[in-house]
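So in this note's numbering, the last spot in the sequence shown is 189, and the numbers never skip.
Cross-link-like lysine to any residue pairs, in silico, SDA-like; alpha carbons within 20 Å at most:
1) 35 x 87
2) 35 x 85
3) 89 x 39
4) 107 x 144
5) 107 x 58
6) 29 x 150
7) 29 x 104
8) 107 x 96
9) 107 x 70
10) 29 x 90
11) 107 x 56
12) 29 x 71
13) 107 x 145
14) 29 x 177
15) 107 x 57
16) 29 x 85
17) 29 x 13
18) 29 x 17
19) 89 x 53
20) 89 x 43
21) 35 x 59
22) 89 x 46
23) 35 x 89
24) 35 x 45
25) 29 x 108
26) 107 x 60
If you are wondering where the hints come from, they were derived from the structure by calculation, not from laboratory data.
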Amino acid sequence: WDEAVWSYYRYYYQSLRNAGVQHIVAKIQYTPKWASNYGTDVANYDDYPPTSDTYWTEFIHEVAIRMGDLVDDYAIMNEVNTDGFWKGTQADYERLEIEAYNTLKQYDAIDANGDGIAATVYPSSSNEPGQTTQWQEWYAALQGHMDGFNTHDYKWGIKPALDVIQAIDPSLNYIITETGPANWFIN
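Starting from the given sequences, assemble the full structure and let the hints guide the process.
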């Protein structure tokens with residue numbers, strides 16, 4: 003592991019905690035080149051699933067152990083229902099999300115923000131119109147291995163997406179990690 007990177011994130015998340023930020027969402031995404039199943043698509047290596055699920059599980063375990071005292075909320079990947087950030091299959095994502103869920107729930111045992119829950123895990127998807135069916139399929143495929151949905155609200159508004167989530171399962175959380183057109187310029 004690159005200890006300097008781990009130190010940077012610990013410093014970053016600790017700074018947020020020190021500033022009074024209650025809910026920190028760690029978005030876990032992108033596969034390192036050495037672990038990526040990218041084939042000949044070198045330019046997009048980080049959008050592919052790992053060549054071994056063991057690499058993924060070991061990394062998630064490290065996140066839970068090293069960051070669990072600072073982070074409670076985890077978004078798995080980014081907008082995997084679009085082709086801009088994910089080149090794996092839906093089955094690949096579902097498998098990796100379930101592994102992340104199980105690993106985070108097992109190894110992040112510290113309630114960092116005092117809400118009574120040590121780890122919440124969210125699949126991350128785009129909230130573009132017309133994706134209700136896809137979200138319903140995810141919910142069924144993940145078999146309870148999720149605490150809610152994570153998305154961004156760039157331009158469509160959150161009300162339609164909230165209605166979809168409520169229709170799927172009213173007990174699920176809905177977490178928005180980015181909003182507004184300004185994100186296109188600062189991310």
